[in-house]
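Enquirer: Listed below are the residues making up each chain.
Number of protein chains: 2
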Amino acid sequence: MTTSAGQLTPSERILMGPGPSDVPARVLEAMSAPTVGHLDPEYLIIMNEVRDMLQQVLQTKNQMTMAMSGTGSAGMETCFVNLLEPGDEAIVCLNGVFGGRMKDVAERCGATVHTIETDWGNVIESQAVADAIKAHPNAKLLAIVHAETSTGAHQPLEEISKLVHDAGMLLLVDAVTSVGGLDVRVDDWQIDALYTGTQKCLSCPPGLAPVTFSDAAVQAMDKRKTKVQSWYLDLSMIRNYWGQERSYHHTAPINMTYGLREALRIVLDEGLENRIARHKRNHLALRAGLEAMGLNYIPEHSLTSLNAVHVPDGVDDANVRSRLLNEYGIEIGAGLGPFKGKAWRIGLMGSASSQRNVMLLLGALETILTDQGVSVDSGAALKAAGAVFAS
Amino acid sequence: MTTSAGQLTPSERILMGPGPSDVPARVLEAMSAPTVGHLDPEYLIIMNEVRDMLQQVLQTKNQMTMAMSGTGSAGMETCFVNLLEPGDEAIVCLNGVFGGRMKDVAERCGATVHTIETDWGNVIESQAVADAIKAHPNAKLLAIVHAETSTGAHQPLEEISKLVHDAGMLLLVDAVTSVGGLDVRVDDWQIDALYTGTQKCLSCPPGLAPVTFSDAAVQAMDKRKTKVQSWYLDLSMIRNYWGQERSYHHTAPINMTYGLREALRIVLDEGLENRIARHKRNHLALRAGLEAMGLNYIPEHSLTSLNAVHVPDGVDDANVRSRLLNEYGIEIGAGLGPFKGKAWRIGLMGSASSQRNVMLLLGALETILTDQGVSVDSGAALKAAGAVFAS
Numbered sequence: 351m352t353t354s355a356g357q358l359t360p361s362e363r364i365l366m367g368p369g370p371s372d373v374p375a376r377v378l379e380a381m382s383a384p385t386v387g388h389l390d391p392e393y394l395i396i397m398n399e400v401r402d403m404l405q406q407v408l409q410t411k412n413q414m415t416m417a418m419s420g421t422g423s424a425g426m427e428t429c430f431v432n433l434l435e436p437g438d439e440a441i442v443c444l445n446g447v448f449g450g451r452m453k454d455v456a457e458r459c460g461a462t463v464h465t466i467e468t469d470w471g472n473v474i475e476s477q478a479v480a481d482a483i484k485a486h487p488n489a490k491l492l493a494i495v496h497a498e499t500s501t502g503a504h505q506p507l508e509e510i511s512k513l514v515h516d517a518g519m520l521l522l523v524d525a526v527t528s529v530g531g532l533d534v535r536v537d538d539w540q541i542d543a544l545y546t547g548t549q550k551c552l553s554c555p556p557g558l559a560p561v562t563f564s565d566a567a568v569q570a571m572d573k574r575k576t577k578v579q580s581w582y583l584d585l586s587m588i589r590n591y592w593g594q595e596r597s598y599h600h601t602a603p604i605n606m607t608y609g610l611r612e613a614l615r616i617v618l619d620e621g622l623e624n625r626i627a628r629h630k631r632n633h634l635a636l637r638a639g640l641e642a643m644g645l646n647y648i649p650e651h652s653l654t655s656l657n658a659v660h661v662p663d664g665v666d667d668a669n670v671r672s673r674l675l676n677e678y679g680i681e682i683g684a685g686l687g688p689f690k691g692k693a694w695r696i697g698l699m700g701s702a703s704s705q706r707n708v709m710l711l712l713g714a715l716e717t718i719l720t721d722q723g724v725s726v727d728s729g730a731a732l733k734a735a736g737a738v739f740a741s
Numbered sequence: 351m352t353t354s355a356g357q358l359t360p361s362e363r364i365l366m367g368p369g370p371s372d373v374p375a376r377v378l379e380a381m382s383a384p385t386v387g388h389l390d391p392e393y394l395i396i397m398n399e400v401r402d403m404l405q406q407v408l409q410t411k412n413q414m415t416m417a418m419s420g421t422g423s424a425g426m427e428t429c430f431v432n433l434l435e436p437g438d439e440a441i442v443c444l445n446g447v448f449g450g451r452m453k454d455v456a457e458r459c460g461a462t463v464h465t466i467e468t469d470w471g472n473v474i475e476s477q478a479v480a481d482a483i484k485a486h487p488n489a490k491l492l493a494i495v496h497a498e499t500s501t502g503a504h505q506p507l508e509e510i511s512k513l514v515h516d517a518g519m520l521l522l523v524d525a526v527t528s529v530g531g532l533d534v535r536v537d538d539w540q541i542d543a544l545y546t547g548t549q550k551c552l553s554c555p556p557g558l559a560p561v562t563f564s565d566a567a568v569q570a571m572d573k574r575k576t577k578v579q580s581w582y583l584d585l586s587m588i589r590n591y592w593g594q595e596r597s598y599h600h601t602a603p604i605n606m607t608y609g610l611r612e613a614l615r616i617v618l619d620e621g622l623e624n625r626i627a628r629h630k631r632n633h634l635a636l637r638a639g640l641e642a643m644g645l646n647y648i649p650e651h652s653l654t655s656l657n658a659v660h661v662p663d664g665v666d667d668a669n670v671r672s673r674l675l676n677e678y679g680i681e682i683g684a685g686l687g688p689f690k691g692k693a694w695r696i697g698l699m700g701s702a703s704s705q706r707n708v709m710l711l712l713g714a715l716e717t718i719l720t721d722q723g724v725s726v727d728s729g730a731a732l733k734a735a736g737a738v739f740a741s
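Sequence order for the protein chains is A and B.
Our numbering puts the first residue of the first sequence at 351, with every later residue one more than the last.
Our numbering puts the first residue of the second sequence at 351, with every later residue one more than the last.
Certain hints may be false.
Because identical chains cannot be distinguished in the list, a pair is counted as satisfied if it fits within a single copy or across any two copies.
[Claimed, not checked] Straight-line alpha carbon distances no greater than 20 Å define the calculated SDA-like cross-link-like pairs of lysine to any residue that follow:
#1 K577 / E439
#2 K577 / G460
#3 K577 / D438
#4 K692 / D469
#5 K690 / P391
#6 K692 / Y598
#7 K690 / N590
#8 K630 / P506
#9 K484 / E508
Treat the hints as calculated values from the structure; they're not laboratory data.
Could you put the whole structure together from the sequences, leaning on the hints where they help?
Expert: Below is the structure:
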């Protein structure tokens, strides 16, 4: 006797956590368009359109730009397994969860990993990179997180890129929480391999991982002595499906691709500059409001897409998050690692980055914190944020 | 200056190829439900419901039953990378594209792979398995394809399972094209690791790979000496997200999970037995029609979900497929490997397995083959198929 679950009725949340972010109706609607085959002439055109739009959003002319059939972490693994093989050395920058994950993934490729570490919340200093390069001149690549989702730190890349290339190494960048919301200039900054996810500033549901490889990265791939350890993520085969040959590799996630295509259209219709400016303005307003409420940011260099703040002393972290969810339908993120129970991660990503959401969250948070006995200057947060919007 | 693609307008195909299959409106609609977070209490319930329904469809009580965040080939890789490590031996059965892919994936895990080969279209004989086990008694597992999508061959598993377990090995099964359309009894047949895809007989878009591991497979995982080479597919971590701990691993493809959930509801609402019987009846009708038209099946033991036939001599394969697509909106599949240009693969999977589709395809094919000068007994195909439906 079999039994099936009831009808699906997920709540309409406001997704202000570290991702996924709110998905516009246009994207959800696109995902429910009729499924066609993965070799259908219409689908092959859609793949080209997605690549073309990804190139624009990533500000690159890289031919090898595509969406991998997995979530952001599959994008991470794609970059490492294609570029590293046993015997290689790599330098990984570690200042949060995702740097740690990169180290783990690189080691699983059989590479010797050297790390540059700094406290969570900090960014990696150029001098530390210069020192590491000097100490490990044979490293094949340096990997760094542009937008550390666990701490909210916004990593500058230009100077580091120069050091890496002067040493003849490749630069591998995690841009999961920046692409589509912050400036990410793949070509100008000479990024050799970059991955991102769909569910952050692109405001598409999770399920695909856009990646881009420079010509230098492709050459490094072509010089490998061993097969890529992951068949599923092996770009030497997948590029023949995204390329002219259209060779069957695996069945692509058709309807997810529809969703990404629509999400990219929305980004480009708004315009990259406008979108980046919107993320900045809403971040500044939220920041002004949170600080007026007495909350402190964790990173000195904060992302505009993610606001990581310390939970005030004596406040019940879980209660606040659960009240936000149950009373307001607002999801914010908890702290990870050393920040477990001690941080909130408030996303303003893609469609969720709006004046409406900033003001709603500030109002809700003020109410809940006041209930918890925190001394909050009534109305100060909304006033401070309002002043930013009015400026 | 950026430019975006136009509005998305995919055609409404009838998907009768080797997958994806037609997706019911209910599933497409479920996929467009509001996105919630991957740690939202509502989503955690949805994961439990999906596991519970998967267990029913796979006829297993395996606790480790879940949907991996990738397409069917990611499911294949999941089974191999978690069970094999360098130094292991494996026996892989090879009678089509997917056996060959399993061999490739197993070798990339650092395992020594022994193969049992037979001609494409044939199934693997028990005697060949017995011989291989005798020759390679230290193999950790035997991998075999239940439903070989490249040839349409339907592999019996019960006798082989007994041989494998008598030798103390694990049985790993590819059931991508059988689950949800043919009988797949994970517990009764003692399958230790099985993967499938969503886009075949489950009639959900591609993007997730259900997998199930027996207790014996979990124990083998737990005895590993090395880390799983794929971080993304490492079940030792992912089981803590699907399990009680709910530890964050990666951001699950929320809306794809909605789709799978709805697809599983449809399977269970129809009832597994009814669904299997429907696939069989429609296959028998199509087969009667195709044979009445003079077409010959490639495999002796054919799947009911996939019908692989030889392209008749003198017929222009590509022209037939392209006319079916352009005039009727019907997708059928081309041959792969040695059957390139020489076979058609006609799927009757999930929602696409219907009397309507059988009759439409037979009529369309008769018209096109007649145009190409093939001598077809007019009306014989529809009559033969009709007789099966009437019986």
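Enquirer: Which earlier hints can't be squared with this structure?
Expert: none
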